[in-house]
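Starting from the structure of chain A, add chain B where the hints point.
Same order as they appear, the protein sequences are chains A and B. Yeah, the first sequence ends on 295 if you go by this note's numbering, and it's all consecutive. Yeah, the second sequence ends on 577 if you go by this note's numbering, and it's all consecutive.
Some chain A residues well away from chain B (every beta-carbon gap over 12 Å; in silico):
#1 Val70
#2 Leu85
#3 Trp105
#4 Ile161
#5 Ser187
#6 Pro198
Simulated coverage check for chain A against chain B, where a stretch passes if three residues somewhere in it have a Cβ under 8 Å from a Cβ of chain B:
#7 55 to 69
#8 137 to 146
#9 216 to 228
No lab work stands behind these hints: they were computed from the structure. Even for Gly, the Cβ is constructed at its ideal location relative to N, Cα and C.
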Amino acid sequence: MILSPVNTSFRSPAADRALFRALAFSAGAVAAILALILLYLTLASASLLFVDAGLWQLRWQPSAGAYGLVAMLVGSVAVSLLALLIAVPPGLVLAVWGRFFAPPWVGGLYRGAMGLLASIPSVVYGFWGLVVLVPLLNRWAPPGASLLAAALVLALMILPILVLQADLALDEARRRHLAAAMALGASVSGTVRRVLLPTAAPQLVPAVLLQLGRALGETMAVLMVAGNVVQLPDAITAPIRTLTANIALEMAYASGEHQTALFASGWLLFVLVTLIMLGARAVARRAGEGRVDAH
Amino acid sequence: MLLRGICDGLKRAPRLAGAIAMAALILSGCSRDAGDRLVITGSSTIAPLVTVIAQAFESAHPGVKIDVQAGGSSRGIADVRQGLAELGMVSRALKPEEGDLAAATIAQDGIAMIVHRDNPVGALTGGQIVAIYTGKVRNWQEVGGPDAPITVVNKAEGRSTLELFLSHFKLDTPAIRADVVIGDNQQGIKTVAGNPQAIGYVSVGTAEFEARRGTPIRLLPLDGVEASTAHVARGDFPLSRPLNLVHRGEPGRVAREFLAFAASPEVHDLVTGQYFVPLAGR
Numbered sequence: 001m002i003l004s005p006v007n008t009s010f011r012s013p014a015a016d017r018a019l020f021r022a023l024a025f026s027a028g029a030v031a032a033i034l035a036l037i038l039l040y041l042t043l044a045s046a047s048l049l050f051v052d053a054g055l056w057q058l059r060w061q062p063s064a065g066a067y068g069l070v071a072m073l074v075g076s077v078a079v080s081l082l083a084l085l086i087a088v089p090p091g092l093v094l095a096v097w098g099r100f101f102a103p104p105w106v107g108g109l110y111r112g113a114m115g116l117l118a119s120i121p122s123v124v125y126g127f128w129g130l131v132v133l134v135p136l137l138n139r140w141a142p143p144g145a146s147l148l149a150a151a152l153v154l155a156l157m158i159l160p161i162l163v164l165q166a167d168l169a170l171d172e173a174r175r176r177h178l179a180a181a182m183a184l185g186a187s188v189s190g191t192v193r194r195v196l197l198p199t200a201a202p203q204l205v206p207a208v209l210l211q212l213g214r215a216l217g218e219t220m221a222v223l224m225v226a227g228n229v230v231q232l233p234d235a236i237t238a239p240i241r242t243l244t245a246n247i248a249l250e251m252a253y254a255s256g257e258h259q260t261a262l263f264a265s266g267w268l269l270f271v272l273v274t275l276i277m278l279g280a281r282a283v284a285r286r287a288g289e290g291r292v293d294a295h
Numbered sequence: 296m297l298l299r300g301i302c303d304g305l306k307r308a309p310r311l312a313g314a315i316a317m318a319a320l321i322l323s324g325c326s327r328d329a330g331d332r333l334v335i336t337g338s339s340t341i342a343p344l345v346t347v348i349a350q351a352f353e354s355a356h357p358g359v360k361i362d363v364q365a366g367g368s369s370r371g372i373a374d375v376r377q378g379l380a381e382l383g384m385v386s387r388a389l390k391p392e393e394g395d396l397a398a399a400t401i402a403q404d405g406i407a408m409i410v411h412r413d414n415p416v417g418a419l420t421g422g423q424i425v426a427i428y429t430g431k432v433r434n435w436q437e438v439g440g441p442d443a444p445i446t447v448v449n450k451a452e453g454r455s456t457l458e459l460f461l462s463h464f465k466l467d468t469p470a471i472r473a474d475v476v477i478g479d480n481q482q483g484i485k486t487v488a489g490n491p492q493a494i495g496y497v498s499v500g501t502a503e504f505e506a507r508r509g510t511p512i513r514l515l516p517l518d519g520v521e522a523s524t525a526h527v528a529r530g531d532f533p534l535s536r537p538l539n540l541v542h543r544g545e546p547g548r549v550a551r552e553f554l555a556f557a558a559s560p561e562v563h564d565l566v567t568g569q570y571f572v573p574l575a576g577r
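Okay, chain A solo, but in the shape it has when bound:
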């Protein structure tokens, strides 16, 4: 099933060329728009970004002219990493179970349910977190709205897509290697652990990184459950504020330097997510080269 120009070309070369131009133009336009967004964010936040060292401090008090983003950067990264830590192990286990150990019809139903969960808007997860999860956590460790609450909601949000992506990767590995492993007399669990997971790993890593980017960019769900206090969390149950929540909370009311600082939050987020996406692509490309060698 290798797609090559030979078997995918249209009959008419003219149509082929036109499609190529249209696609190249669209891709170029998207790239240009992205570059313009970065340029705009950089220009809009330049006066604080490069001239002043004010962004790299802990204090965020716009009314007092202090625009430190460090606490929120830490908050964003901490909540996303914790969400991955919570979501990835069960995600992999669920994918393996659904593909190799569940009866086929249960596995199919299960994947369908995951697809449904993945399509629920994030704000619904946030609302559920606000009215169910936070009061629950509050009984154990007040105030409930915390780093942990946000990470749990995020984990729940990214889990379905993680399971589906892991499932795809595992399925491909299964089609390629399962018959051979079985023929050698290996057990299913041994094959999964020793053959299929290692084969699928290069595809799993970019999937996880993509979800990390999604977690970093999530706004409303986090805003509703994280507590939004600007501070370095001293415990997992302490409230935090993320960069995205900061923008959403204050943008409507900000002006002047305050607004510039919020644009800088956006710039920081953009750069962070871009770096992660580049990382994901690099890993995926290396995985792709590995596959060519294997053939």
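Same frame as chain A, but now just chain B:
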């Protein structure tokens, strides 16, 4: 402003016949706009209310176009002074140095301190509220409640409710020790309703509406005055403020009609629909 600039430009240099025709077209538009177009800018608290009032006004007066832009009370005042807007929305009483402007109050806004319905604390003094919000009192026991930590719910920077709260209690943002920072009123109500140890503040109209609907929150009286829209309307609830439309000099015909409309009983439903309090005795 921009449109007027284009109009002037086209008036001065109509080089081509097409441009002349176009200029004539736009100019006719401009002249009509000048009479029947009303620009209102200012407080983002009032903007949603004025937007719905403007829609009602526009449907009652065909041909009139009202442009409502939010940007804060200070922008409302600055725009009216510079003539960029005919009316400015200002969510506070005018200061003495703003004597060049005239204000017409269209509604009252008040904020209520709210706690969970199961919280036995019946009332808090201003001093106790300040102590709680500055972190000096961290347990309900110290103010006559059960032995439980207090969850302080505060509003995000820039919100008008925060401003009113801070100015009433003479507090400063850095002094506040919050456990949860919220954006809008609904988030505040959900947070307090889900947390028996929480204390927060939201707009009186929203709080009253939610409490009546059965949401487990309770409005705390302040300085012996019950927190209710009735008291806010009468103007004797301490944590309240007028929502004003300000203008400079004699307002134009459309602006005058709009001011009269916005203060009439016809808009009461619109005012309560935005959880504000209509003026009493009108």
